[in-house]
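There are 2 protein chains.
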Amino acid sequence: MRRTPVGFVFVGAMLFFQGTGTWADGGTAASPAAFPFILPERKPDRPLGAAMERIYTKYEAPQPQDNELFSQFKYTELKGFDYHGHDGTVSRRDPSKVILHDGKYYVWYTHRQTPVPPQGAELCTDTVPSSDWDLAEVWYATSDDGFAWEEQGVALARPPRPDPGWRSVTTTDILVWKGRYYLYFQAFMEASGKRGDDCPVSVAWADSPDGPWTFSNRIVIPNGAEGEWDQYSIHDPYPLVHDGRIYLYYKSDFGENPHKVRMQGLAIADNPLGPFAKHPLNPVITSGHETSLFPFKEGVAALVYKDGPEHNTVQYAKDWVNFEIAAITELMPWAAAPYVPDAFTDTWDGRGITWGLAHFINYNDDWKTFHSVLVRFDCDLSRDLDDPEMKEQRVNHRPEVYYRQGLSARQRERMAGGNRQE
Amino acid sequence: MRRTPVGFVFVGAMLFFQGTGTWADGGTAASPAAFPFILPERKPDRPLGAAMERIYTKYEAPQPQDNELFSQFKYTELKGFDYHGHDGTVSRRDPSKVILHDGKYYVWYTHRQTPVPPQGAELCTDTVPSSDWDLAEVWYATSDDGFAWEEQGVALARPPRPDPGWRSVTTTDILVWKGRYYLYFQAFMEASGKRGDDCPVSVAWADSPDGPWTFSNRIVIPNGAEGEWDQYSIHDPYPLVHDGRIYLYYKSDFGENPHKVRMQGLAIADNPLGPFAKHPLNPVITSGHETSLFPFKEGVAALVYKDGPEHNTVQYAKDWVNFEIAAITELMPWAAAPYVPDAFTDTWDGRGITWGLAHFINYNDDWKTFHSVLVRFDCDLSRDLDDPEMKEQRVNHRPEVYYRQGLSARQRERMAGGNRQE
Chain A
1 MRRTPVGFVF VGAMLFFQGT GTWADGGTAA SPAAFPFILP ERKPDRPLGA
51 AMERIYTKYE APQPQDNELF SQFKYTELKG FDYHGHDGTV SRRDPSKVIL
101 HDGKYYVWYT HRQTPVPPQG AELCTDTVPS SDWDLAEVWY ATSDDGFAWE
151 EQGVALARPP RPDPGWRSVT TTDILVWKGR YYLYFQAFME ASGKRGDDCP
201 VSVAWADSPD GPWTFSNRIV IPNGAEGEWD QYSIHDPYPL VHDGRIYLYY
251 KSDFGENPHK VRMQGLAIAD NPLGPFAKHP LNPVITSGHE TSLFPFKEGV
301 AALVYKDGPE HNTVQYAKDW VNFEIAAITE LMPWAAAPYV PDAFTDTWDG
351 RGITWGLAHF INYNDDWKTF HSVLVRFDCD LSRDLDDPEM KEQRVNHRPE
401 VYYRQGLSAR QRERMAGGNR QE
Chain B
1 MRRTPVGFVF VGAMLFFQGT GTWADGGTAA SPAAFPFILP ERKPDRPLGA
51 AMERIYTKYE APQPQDNELF SQFKYTELKG FDYHGHDGTV SRRDPSKVIL
101 HDGKYYVWYT HRQTPVPPQG AELCTDTVPS SDWDLAEVWY ATSDDGFAWE
151 EQGVALARPP RPDPGWRSVT TTDILVWKGR YYLYFQAFME ASGKRGDDCP
201 VSVAWADSPD GPWTFSNRIV IPNGAEGEWD QYSIHDPYPL VHDGRIYLYY
251 KSDFGENPHK VRMQGLAIAD NPLGPFAKHP LNPVITSGHE TSLFPFKEGV
301 AALVYKDGPE HNTVQYAKDW VNFEIAAITE LMPWAAAPYV PDAFTDTWDG
351 RGITWGLAHF INYNDDWKTF HSVLVRFDCD LSRDLDDPEM KEQRVNHRPE
401 VYYRQGLSAR QRERMAGGNR QE
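Chains as they are written, first to last, in our numbering: chain A, 1 to 422; chain B, 1 to 422.
Be aware that one or more of the hints could be misleading.
Since copy identity is lost for identical chains, a pair holds within one copy or between any two.
[Said to hold, decoys possible] No more than 30 Å apart at the CA atoms, straight line, and that leaves these computed lysine-lysine pairs for DSBU-like:
no.	residue 1	residue 2
1	K178	K58
2	K58	K104
3	K297	K194
4	K368	K178
5	K260	K391
6	K306	K79
7	K368	K58
8	K79	K297
9	K58	K79
No lab work stands behind these hints, which were simulated from the structure alone.
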């Protein structure tokens, strides 16, 4: 191999020209035998088009069923949670990662219990919520099997005004660090919706997952400076341990209509209370809504869903910063909060995940009783599990699922306009 | 810019090192200001992570709503087709591209009308179908608006044994070439399911879309030689006109369980009756199920769905051969057969598509009355349409859609096994 300053990129260019030149040059090269009937496991030594080249170089395996980072997702209703007849006055959403402690699974989540359902920013008061996560607290539950849960009650109540989170304490996630437990949370100091969904992140700690919890009463992930992408919101703090440090991923909403975007950044600290240094390459994930990651081999994998050009993907960053698409899937869990056995073990051999909790928002499909419910998801994104049922290549929906995505009145009007060329 | 044999690839390598080196080298470069609050329309001159680099280089625009090759899909029930009470004895599936002729839209499709629903390869006879597309004919329908259709009856009846298609004439597509009409079709000469779904492709022609049709009685796209990827099946012939020639894309099933794969190839001819030269880089699309393409700018775009590592994508090949992912979407139409106004105009300025027909298979969710129905889809994959409702970034499904993807009995048994680490 010829060594040049360009290194392997040069080889890539050669393959590119080799791969297309034979045809583009008018077929001057001898025509090879056709592609084989049995798909080669490794990249075959023959000219390949760009798409074929990609399945051998961009994914763990050329077929989804062999790709440890491809999975379908299965959903199961949880037992043990009461929603007050689903009238909108009780909501549970945005679960934390699940941890296992003394033989029990623990999960924390946003719990809203208000006299009325959310009324919007215009009508909200000190007791009437603006949004589903306004005037909320962090509650927790435990389970023996991950399906049936016992709600244990409040973990983080709203602190007194003007402490961070006095308006609402939401969207928490757990860190276990040197025997101590840390709950990072969105610390609202105004009702969501007043401008946007603005808040920084604070943290509380305890010596046991059952508490009691001590508020740090400080902002550990501050909003960015004016004009910076995360100037208004730091959402979905999601701590993992890597390379002896705390790697905390978070989401921010930025931009203005019609170009509001959601992207995800990384902040790193040596101490759970900070200071956290925001990564200079932020945002490191350009798509998705909530943050959902897990150690995988030496790197980190992310579930990327809902928003952006690369929604419905699983992405992977070997260096925990530069994320590549590792799989394209569908019907992914929202606010996915997996059970990550090696979240805090500082592993260089991440094993992956098989289940977790997520949420359904607007459970009733009715704005007047808006609330969310927790749900369990299962998958096979684990190197230690081989479940072919999770590796089926597609979801088969019933026709009514498609018909529900019908044309709007405005669209029908446009078509009735009679532009035959449309 | 320094000129080297590697050209722009060299520049790409520089950006790569620029994009990751500042952090990987321990932050030796001066820390830049954070990413801006307003997402730049063009790639900003600052260090970017791999994911951010990608949204500026791999897609038409950094955000889906500005990407002409991103769309959601809306579905509308068609009027005018009778399915005999949906008892499984009448099936319509695999529509052709839609064409406009004398002010009317035309579509051709696989029509099965048999005494009983499909019974499988073991039980099939000369009148009992093995599969939904066994013992079928090509029928056609016309419409003024694309929503209400008038079925015109048979276009291609099954020819006498042993002519190509004697067992079944299915999965047709239309070519208009020098004032004449050509229907390419799957020419079954044994019942589908005997070994696999094996057939070559034949063609019939007419001077009017209303026929009468003359069978060429020849195989125009033959199966590959033994051991080649397309040795058994040539499916979904899909002709377009490009560069003065006929570019016909097709699908083949190959490999063996559990690694059966579906990929798509290209065959090119100067004459509708052939000979067609298969492209040496076949398969050119590695994912998807049926073929669904349309000219776009100087290249061709493909709807890629159902199967493979890159399902749920829209792909684009500037050179009609080397396909790249242009968008990731969801709930795509199956057997999508768009109305492509410039399918046969030999355009170098393809405008895109806004609607077409597709099918739902197993309409009843019941194997005993298995049959398929045609459906209309709408989208905005057109450079001449700007419909924000089609550019919403995600489909919001109801919880029951997720719960329908439940754990199987086998999976529940595995979990009850009590592996706490799962």
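Hint by hint, here is what the structure shows:
1. K178 with K58: neither (37 Å within a copy, 42 Å between copies)
2. K58 with K104: Neither way: K58 and K104 sit 38 Å apart in one copy and 45 Å across, limit 30 Å.
3. K297 with K194: neither (43 Å within a copy, 44 Å between copies)
4. K368 with K178: This pair counts as neither: shortest intra-copy Cα distance 45 Å, inter-copy 60 Å.
5. K260 with K391: between (34 Å within a copy, 13 Å between copies)
6. K306 with K79: within (26 Å within a copy, 33 Å between copies)
7. K368 with K58: neither (46 Å within a copy, 42 Å between copies)
8. K79 with K297: neither (34 Å within a copy, 54 Å between copies)
9. K58 with K79: This pair counts as neither: shortest intra-copy Cα distance 40 Å, inter-copy 44 Å.
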